[in-house]
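*Asks:* First to last, the protein sequences are chains E and Z.
Counting in the working numbering, the first sequence runs from 1 upward without gaps.
Counting in the working numbering, the second sequence runs from 335 upward without gaps.
It should be emphasised that the hints constitute simulated quantities derived from the structure, not laboratory data.
Since this is a predicted model, take the numbers as computed values, not measurements.
You may find that some hints are simply not true.
[Stated by the list, open to error] BS3-like mimics (lysine-lysine), calculated; alpha carbons at most 27 Å apart, straight line: (1) Z:Lys409 / E:Lys243; (2) E:Lys243 / Z:Lys577; (3) Z:Lys499 / E:Lys273; (4) Z:Lys598 / E:Lys273; (5) Z:Lys665 / E:Lys268; (6) Z:Lys526 / E:Lys185; (7) Z:Lys373 / Z:Lys409; (8) E:Lys264 / Z:Lys526; (9) Z:Lys598 / E:Lys257.
2 protein chains.
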Amino acid sequence: MRIALDAFGGDNAPDKVILGAALAVAELDVEVILTGDEKIINSRIRQLGVQTKNITIKHADGIINIEDDPMLIRKSKKNCSMGMAFQLVDSGEADAFVSAGSTAALVVGGTMLIGRMKGVKRPAYATLMPGINGYYMLLDGGANVDCRPEMLVQFGVMGSIFMQKIMKVDNPRVGLLNIGTERGKGRELEQKAYETLQNAPLNFIGNVEGRDPIANLCDVVVTDGFTGNVYLKTVEGMGRFMKSSLRELFSTNAGTKIGYLLSKKGVKNLSKKTDYREVGGSPLLGVKKPVIKAHGSSDEKAFKNAIKQAVSFCKVIQEIETGIAELSALKEEN
Amino acid sequence: MRIALDAFGGDNAPDKVILGAALAVAELDVEVILTGDEKIINSRIRQLGVQTKNITIKHADGIINIEDDPMLIRKSKKNCSMGMAFQLVDSGEADAFVSAGSTAALVVGGTMLIGRMKGVKRPAYATLMPGINGYYMLLDGGANVDCRPEMLVQFGVMGSIFMQKIMKVDNPRVGLLNIGTERGKGRELEQKAYETLQNAPLNFIGNVEGRDPIANLCDVVVTDGFTGNVYLKTVEGMGRFMKSSLRELFSTNAGTKIGYLLSKKGVKNLSKKTDYREVGGSPLLGVKKPVIKAHGSSDEKAFKNAIKQAVSFCKVIQEIETGIAELSALKEEN
Numbered sequence: 001m002r003i004a005l006d007a008f009g010g011d012n013a014p015d016k017v018i019l020g021a022a023l024a025v026a027e028l029d030v031e032v033i034l035t036g037d038e039k040i041i042n043s044r045i046r047q048l049g050v051q052t053k054n055i056t057i058k059h060a061d062g063i064i065n066i067e068d069d070p071m072l073i074r075k076s077k078k079n080c081s082m083g084m085a086f087q088l089v090d091s092g093e094a095d096a097f098v099s100a101g102s103t104a105a106l107v108v109g110g111t112m113l114i115g116r117m118k119g120v121k122r123p124a125y126a127t128l129m130p131g132i133n134g135y136y137m138l139l140d141g142g143a144n145v146d147c148r149p150e151m152l153v154q155f156g157v158m159g160s161i162f163m164q165k166i167m168k169v170d171n172p173r174v175g176l177l178n179i180g181t182e183r184g185k186g187r188e189l190e191q192k193a194y195e196t197l198q199n200a201p202l203n204f205i206g207n208v209e210g211r212d213p214i215a216n217l218c219d220v221v222v223t224d225g226f227t228g229n230v231y232l233k234t235v236e237g238m239g240r241f242m243k244s245s246l247r248e249l250f251s252t253n254a255g256t257k258i259g260y261l262l263s264k265k266g267v268k269n270l271s272k273k274t275d276y277r278e279v280g281g282s283p284l285l286g287v288k289k290p291v292i293k294a295h296g297s298s299d300e301k302a303f304k305n306a307i308k309q310a311v312s313f314c315k316v317i318q319e320i321e322t323g324i325a326e327l328s329a330l331k332e333e334n
Numbered sequence: 335m336r337i338a339l340d341a342f343g344g345d346n347a348p349d350k351v352i353l354g355a356a357l358a359v360a361e362l363d364v365e366v367i368l369t370g371d372e373k374i375i376n377s378r379i380r381q382l383g384v385q386t387k388n389i390t391i392k393h394a395d396g397i398i399n400i401e402d403d404p405m406l407i408r409k410s411k412k413n414c415s416m417g418m419a420f421q422l423v424d425s426g427e428a429d430a431f432v433s434a435g436s437t438a439a440l441v442v443g444g445t446m447l448i449g450r451m452k453g454v455k456r457p458a459y460a461t462l463m464p465g466i467n468g469y470y471m472l473l474d475g476g477a478n479v480d481c482r483p484e485m486l487v488q489f490g491v492m493g494s495i496f497m498q499k500i501m502k503v504d505n506p507r508v509g510l511l512n513i514g515t516e517r518g519k520g521r522e523l524e525q526k527a528y529e530t531l532q533n534a535p536l537n538f539i540g541n542v543e544g545r546d547p548i549a550n551l552c553d554v555v556v557t558d559g560f561t562g563n564v565y566l567k568t569v570e571g572m573g574r575f576m577k578s579s580l581r582e583l584f585s586t587n588a589g590t591k592i593g594y595l596l597s598k599k600g601v602k603n604l605s606k607k608t609d610y611r612e613v614g615g616s617p618l619l620g621v622k623k624p625v626i627k628a629h630g631s632s633d634e635k636a637f638k639n640a641i642k643q644a645v646s647f648c649k650v651i652q653e654i655e656t657g658i659a660e661l662s663a664l665k666e667e668n
């Protein structure tokens, strides 16, 4: 398995990307192709003292930034570190793609350069989020600002297969994000999607409210990309609130500082539970090849886990294609 | 000032409602009219040993539940405890309304029984939410599933006046909830609302993302009722996650339990910061009289603070009307 890894994506590039690649080739049965400025990568590899067995470099010019128009990935930036990784996957030189760079550019590149799977209306940015008792998947996290009901149903099918096959969740429960649990709640989008989801080949449990996925009342939560993006950034904001509150809590006085020392294990457990590094990255579901977005602040462990996830993802691309085909067939029957 | 208080609204009714009324008349210059079954209220007043000076009772039959069709507040349930409180405000026997009962029924009753202010397109359910450094206001929290851009602008004007006059925030910063901070982001709703907000008589700071209000980067955040409701329930879900994590953190072992004892002050500070009881309730903005929704799990302190908020609210109803009139005049000029 060969993974194209954007060496210049994320806040800690290229060092943590290179170290992540080194961890991956040491622990997993993979080859990693680092894309980006060859001179810089080689110099950092030497400085970091990294073993290069199963690591190759594909030279690329420049970087696409978060501030850049994501469409540039198809044009003037097509030979940048992320663009080159897309080219490698498109040409078959690599089997999967991992980057911690611009999410918007990754969505454009995945959709336009790799291409949608047959039958898929729109690929979804599928984020894995920590709940009280484990991870759940939210999609769409922002790739499609406006959605039609049938897109939400496809998101449900793709998310279910990913959660079942890769996250090992048995018969994943799919919820529709809404403003009440009763049938008939929400906008026209939710009302129509509810009906269609009920007849789809997945374990639809009905409407869920904003607080429910966090309590792990479902495994997959489907919504349009606007609501999904607001949702995930709100969760992120509250996560920061939690962290800053904990810091404040333990720094109140000498007593609380000792309290911290005594509670360290609990704090560590909590940190681990909400640690995005454990899960690796978030897949773009509905494109022909595995595309994984690693968290912007990924370190080597996060990159290694994103690569691990990409490897598993390669094995279920076919099943997602089959799932979408079955859904389309069912629709034609009716 | 006379406040109509729904004695049977909320999880802790009627006891905590009665005790809240008692606290209010003792501490504030108000009269409270409790609505609900007279026999039960009188019996609980005796049992609780409450002083009844400045507390009167207006008999009402039954309760409107969260599961009930909210429209019933206009028909078969118009004489229930919440319906009677609306009648008292409508007839002028009371100056303001407080209930911890069904939010949906309160929105219907406020809009239909009390009526919209002149010029207001749609009243908004305006929730006061705790951020890292203090409260901010989110509206609409769910009264209007679909919104037009001009409604969002009215929400901004009304929210600003409330935050300035009642929450004492100088020149409140108004943000538009969106999926990116750049102009042009979002759906057609956000794109159009952005333009209109820029020309409105308020301190518009542009788009904000889900994480921003929590970090107090704005004082008023405007959005449609669908997105707003998902947002506030997500914040609630993460708040519960925070609490359960803290509990777990401190119960890991004997050391962490001692850690808790030493950190108690910090935990209390944090609890106080996120305590909805401090703020009282959430106003329905855009109706002719002050309507306050108290939190469903309000205790006596929360009810007292909701009554206190209702008293302040009475004094700014006129200013909100003026704000809406000025906005309408500005629109006609252009």
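*Asks:* Against this structure, judge whether each hint is valid.
*Replies:* Cross-check of the supplied hints:
1. Z:Lys409 / E:Lys243: violated (49 Å)
2. E:Lys243 / Z:Lys577: holds (12 Å)
3. Z:Lys499 / E:Lys273: Status violated; Cα separation ~42 Å.
4. Z:Lys598 / E:Lys273: Holds, at roughly 23 Å.
5. Z:Lys665 / E:Lys268: With a Cα-Cα distance of about 55 Å, the restraint between Lys665 of chain Z and Lys268 of chain E is violated, given a limit of 27 Å.
6. Z:Lys526 / E:Lys185: holds (26 Å)
7. Z:Lys373 / Z:Lys409: At roughly 24 Å apart (the allowed maximum being 27 Å), Lys409 of chain Z and Lys373 of chain Z satisfy the hint.
8. E:Lys264 / Z:Lys526: At roughly 49 Å apart (the allowed maximum being 27 Å), Lys526 of chain Z and Lys264 of chain E break the hint.
9. Z:Lys598 / E:Lys257: Answer holds: Lys598 of chain Z to Lys257 of chain E is near 11 Å, not above 27 Å.
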